[in-house]
Amino acid sequence: MKRNQLLRLSAAVLFMGGLLSGLDSTAYDNTRWGAGYFPNVELTTQDGTKVHFYDDLIKGKMVVIELIYTRCVDACPLETARLAQVQRMLGDRVGKEIFFYSISIDPEQDTPKVLKEYAEKYHAGPGWLFLTGKKDDIDLISQKLGLYAPPNDRNRDGHTPAVVIGNEVTGQWMRNSATDNPRFLAILIGDWMNSWKNRQAETPKSYADASVLKIADKGQYIFATHCAACHTIGHGDKIGPDLRGVTSLRDRAWLARFIARPDQMIAEGDPVATELFKKYKQVNMPDLRLADEDIHALIDYMQNQTETAAPEPASGAHP
Amino acid sequence: MTRKSDREEVFFLSEKAPKRRLEDATNARKNRAEIVKAFSHGQVSRRELMKLGLITGGGLLAPIPGLNPFMTSACAKGGGGGSVDTIPTGAPPSPLFGVQAFTQPMPRFDVLPRAPIPAVVDATHPHPLNPVPTATANQTQMAVDPALGGGSGPIEGRPPGAIWAHQRFNIFPPQVAVEVTQEGAKANAVYNPGVPSSLNSGINPAQALAPKFHPGLPAQSSLAMWTFNGTIPPKLIQGRYGEPILFRHHNKLPADVSQNGGFGRHTISTHEHNGHHGAENDGFTGAYFFPNQFYDYHWPIVLAGRDTVNVNATDPRAGSPNGSGGITKVPGDWRETMSSHWFHDHMFSFTAQNVYKGMAGMFNIYSALDRGNEAINDGVNLRLPSGTAKDFGNLDYDVNLMVADKAWDQNGQLFFDIFNFDGFLGDIMTVNLSYKPFFEVERRKYRFRILNGSASRFVKIALSDGSPMIQIANDGNLLPHPVTLTQLDELGIAERYDIVIDFSRYTVGSKVWMVNLAAHENGKKPSADLTLSQALSGTSLDPCVGKFLEFRIVRNPVRSDVSQVPDPLIPNPDLSSIPVARTRSFDFGGDATQSSTNPITAFTGPWGISTDGGTRLNADFGRVSAAPKFGTREVWTLTNSGGGWDHPIHIHFEEGQILARNGSAANVPAWETGRKDVYRLRPGGSVTLTMQFRDWGGMFMEHCHNTVHEDNAMLLRWELDDGGAPFLRPLPTPIPSPQGVTFISPDEVLSTAL
Chain P
18 MKRNQLLRLS
28 AAVLFMGGLL
38 SGLDSTAYDN
48 TRWGAGYFPN
58 VELTTQDGTK
68 VHFYDDLIKG
78 KMVVIELIYT
88 RCVDACPLET
98 ARLAQVQRML
108 GDRVGKEIFF
118 YSISIDPEQD
128 TPKVLKEYAE
138 KYHAGPGWLF
148 LTGKKDDIDL
158 ISQKLGLYAP
168 PNDRNRDGHT
178 PAVVIGNEVT
188 GQWMRNSATD
198 NPRFLAILIG
208 DWMNSWKNRQ
218 AETPKSYADA
228 SVLKIADKGQ
238 YIFATHCAAC
248 HTIGHGDKIG
258 PDLRGVTSLR
268 DRAWLARFIA
278 RPDQMIAEGD
288 PVATELFKKY
298 KQVNMPDLRL
308 ADEDIHALID
318 YMQNQTETAA
328 PEPASGAHP
Chain V
24 MTRKSDREEV
34 FFLSEKAPKR
44 RLEDATNARK
54 NRAEIVKAFS
64 HGQVSRRELM
74 KLGLITGGGL
84 LAPIPGLNPF
94 MTSACAKGGG
104 GGSVDTIPTG
114 APPSPLFGVQ
124 AFTQPMPRFD
134 VLPRAPIPAV
144 VDATHPHPLN
154 PVPTATANQT
164 QMAVDPALGG
174 GSGPIEGRPP
184 GAIWAHQRFN
194 IFPPQVAVEV
204 TQEGAKANAV
214 YNPGVPSSLN
224 SGINPAQALA
234 PKFHPGLPAQ
244 SSLAMWTFNG
254 TIPPKLIQGR
264 YGEPILFRHH
274 NKLPADVSQN
284 GGFGRHTIST
294 HEHNGHHGAE
304 NDGFTGAYFF
314 PNQFYDYHWP
324 IVLAGRDTVN
334 VNATDPRAGS
344 PNGSGGITKV
354 PGDWRETMSS
364 HWFHDHMFSF
374 TAQNVYKGMA
384 GMFNIYSALD
394 RGNEAINDGV
404 NLRLPSGTAK
414 DFGNLDYDVN
424 LMVADKAWDQ
434 NGQLFFDIFN
444 FDGFLGDIMT
454 VNLSYKPFFE
464 VERRKYRFRI
474 LNGSASRFVK
484 IALSDGSPMI
494 QIANDGNLLP
504 HPVTLTQLDE
514 LGIAERYDIV
524 IDFSRYTVGS
534 KVWMVNLAAH
544 ENGKKPSADL
554 TLSQALSGTS
564 LDPCVGKFLE
574 FRIVRNPVRS
584 DVSQVPDPLI
594 PNPDLSSIPV
604 ARTRSFDFGG
614 DATQSSTNPI
624 TAFTGPWGIS
634 TDGGTRLNAD
644 FGRVSAAPKF
654 GTREVWTLTN
664 SGGGWDHPIH
674 IHFEEGQILA
684 RNGSAANVPA
694 WETGRKDVYR
704 LRPGGSVTLT
714 MQFRDWGGMF
724 MEHCHNTVHE
734 DNAMLLRWEL
744 DDGGAPFLRP
754 LPTPIPSPQG
764 VTFISPDEVL
774 STAL
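Residue numbers (the working numbering), protein chains in the order written: chain P, 18 to 336; chain V, 24 to 777.
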């Protein structure tokens, strides 16, 4: 529909209450989810480059899109850390055939400069853009991607911790948990969305080699699913500190409280929490809303790992 | 960051509003959708719209008559393809091409052929399936289409290895083969309604049925609609207890993933809902198979409790029709007899699209109690309306109905809004994939097995004259006592209600209609249950409210109606002597965010397979370690703590019994006093239920049943370990590819991946 057509139609609506007609553009092929669907609004990258959402970011590409904001104390840090893992698994395909976009839903705060620092904190590689823009435009993108959720008491920031994975060429789009197993996400993005045309370098295991979960250790499981994107035990600092020995370094009650409400402890000015926050590039430790019994299982696991792990250098494993 | 709260204004116009006002609103809805579309396509800017006075600074459509149907309503910002709620979701109204309601006969389900498998297969008694089914997946290699990466891959898509082998394949060797394809829409030249034309509203089965929702509507293209065998009407499988079925499912969908008509995924996994089978046959969401592959599903069809109750098969009520009027006794608890199942695609992340695209059928299970013969009077047979000609499975007066809302584009081709994760609503009601049909009936009792096959729509059924219906089953399980109702409860997605309507009260030549009373504004939950007169007034803004199926009373019974609706039907299993091993409670955090995040993983969480999308990453594995014990029963309370959504929660395994709603047994309506497998929590509500854990405990999995919500990618196995202590054990997650299935071990920690 041309602009002048719309003007005429608008007039008709306003003055006659008539029907708009003849505007249908739905085709029954995958062009349905193309230029006619995605808003071509302007966004700005972390390097200050102006881009158009459809023309520059979506058209002809395989994409992974998440909504974030740098002040997030909930799931965003874990999401972004997970995606960083996924990016490494996909290797140099990211930036060539697959593109990652983290779009800020707090664009006034998240200037290109802020986003650039954020990207560096998470070791985001080439092919991963952090984007800001006009609030209305971003809201529209968020609605179009099915990621919008109105804020409320349970969900303080109105943000959906999900990624949208799509292939504009084939018209295949799906939403997945942003905090899923990163290998699973990498396979979904790298193989599945691309019809196995450019297989992962590292394929998963054969049936004979794959194991069932043998150790029913709750702490290990929580560590793997909630902590390992940012922390190791004895393999050096990542986004957050190496947690080997943390159970002797910190008082158990302090640890439990910090795991439960890291944002609150920083807000209260807890000296240790504040120091850690500064030391680790002011990356917010996410509030993962773990139950007390889970937190204690996690602390037990960290303690146990520290005791059993062979001594290793506390640093140097950083890529 | 906090964002200002969206105003949650009532997005609803009273049904009593003047007709003119309602017409205006209808037009406004259309206009509004067009403007929003133009805006979203970038053809016009927000600023221009503001200059024109068409929207306000806050992004709301201006309160101008002819534009905003509700004047004060907020721009509803659910996820999905538009910034306003529309029905159909994210699209203009479906054009009807001049077609009128109730001008076509409703086709009965298309009965799939049953091929007997010889007890001993030899040269003179060949197996009907080639290749012959195997316990573990058939890994014979074939060339893979270049569109799927080329190379070679296995002919069967079932994951290889012992975990995915058919359990007890030798104990329950398949006796009947049912072979189907999944393929694009085409004409049906082999339609078998299972009844003569006179009982199928005069439809001539010899005349090929085009894939059309109505003869006056365009045929669906082979890309727009994908069904079992590529044809309509939907398919019916007839099975009976003690007669294991091998369901061989061939994937004949396009190898090129982009050839999908705008929605749907060519990889599929078929779930027999709510079969009491092993997990390898359950249509696990992550065990999908590819174009040109097949998957063998083994459905043993056993009564729950077969290993512990009536193990010597001495009770004739635990039985199966023997083909000649008698009963073949089978082990298990007769009070666990199931009757009306359905089967549907359960593809990871694409279930809603694929089911909507046509991948749904029904499965009637016959038993000594419910044998589909109304004449046999053996003291066991309940003699429900069905027919008399065959020993079992008479369909004459036993009618499957699949109710589903659809939408199509300007070319008449099916449309689905793939970006709406809150729930997709169509604007066209179909029954058995035909648009508002009529069905000819005799003046006698009929049984209707009603399935809600919608993606997100709840339906609430009444008869247009307000006369009674007798509900006899819920979720396919006969109730302890029949319940007479003038309105059925809301029927959630995947739920089944079996009802009996006695048309003898009508005169020949009269008509009566099935009416939908449940109005939606979006796919999250029904917005209102209307009164019958409101629903019939034609004023609801939800186009799927009102009459959707016309019954034409065409003649007196050809034979006298000897069917009965006895009371009692099937009492519940008596659990009083089985101690409650444990009680658990699960909170579904029913607000929009939780739901749009992935509400059902909040459910799968209890089993430890969920990471629930991020905001409620709690306590999953702890619950695994507290898994149900084999042979015990538990009491669970499921709570929907928010008011914005309703969740139909599906629990695999065994049927459960609802003990309480909102904490009180008195709140459990009579029609929910039987066994169920889908539990509608209702906004802000809770359901307390009890279940047993038996038989196929060697392996199970579970997942959710809100088809628009995502499924989870992991599998759990529940088994007895060497020490006899039961626990849930996460299994390697299968990663299917056309070249073969690989696995991710559940204990891959990936801590060093960064």
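Any given hint might turn out to be false.
Stated by the list, open to error - Computed Cβ-Cβ distance ranges for the label pairs, DEER-style:
id : chain 1 : residue 1 : chain 2 : residue 2 : range
1  : P       : 125       : V       : 595       : 58 to 66 Å
2  : V       : 219       : P       : 76        : 33 to 41 Å
3  : V       : 169       : P       : 69        : 41 to 49 Å
4  : V       : 163       : P       : 308       : 43 to 51 Å
5  : P       : 308       : V       : 148       : 54 to 62 Å
6  : V       : 174       : P       : 226       : 16 to 24 Å
7  : V       : 693       : P       : 69        : 55 to 63 Å
I should point out that these hints are in silico values taken from the structure, not numbers from a laboratory. Glycine included, every Cβ here is placed at the ideal spot set by N, Cα and C.
Here's how the hints hold up against the structure:
1. 125(P) <-> 595(V): 58 to 66 Å: holds, 59 Å
2. 219(V) <-> 76(P): 33 to 41 Å: violated, 56 Å
3. 169(V) <-> 69(P): 41 to 49 Å: Given range 41 to 49 Å: violated, Cβ gap about 33 Å.
4. 163(V) <-> 308(P): 43 to 51 Å: holds, 49 Å
5. 308(P) <-> 148(V): 54 to 62 Å: holds, 60 Å
6. 174(V) <-> 226(P): 16 to 24 Å: Check passed, 20 Å falls within 16 to 24 Å.
7. 693(V) <-> 69(P): 55 to 63 Å: holds, 59 Å
When the structure is compared with the earlier hints, violations turn up for hints 2, 3 and for no others.
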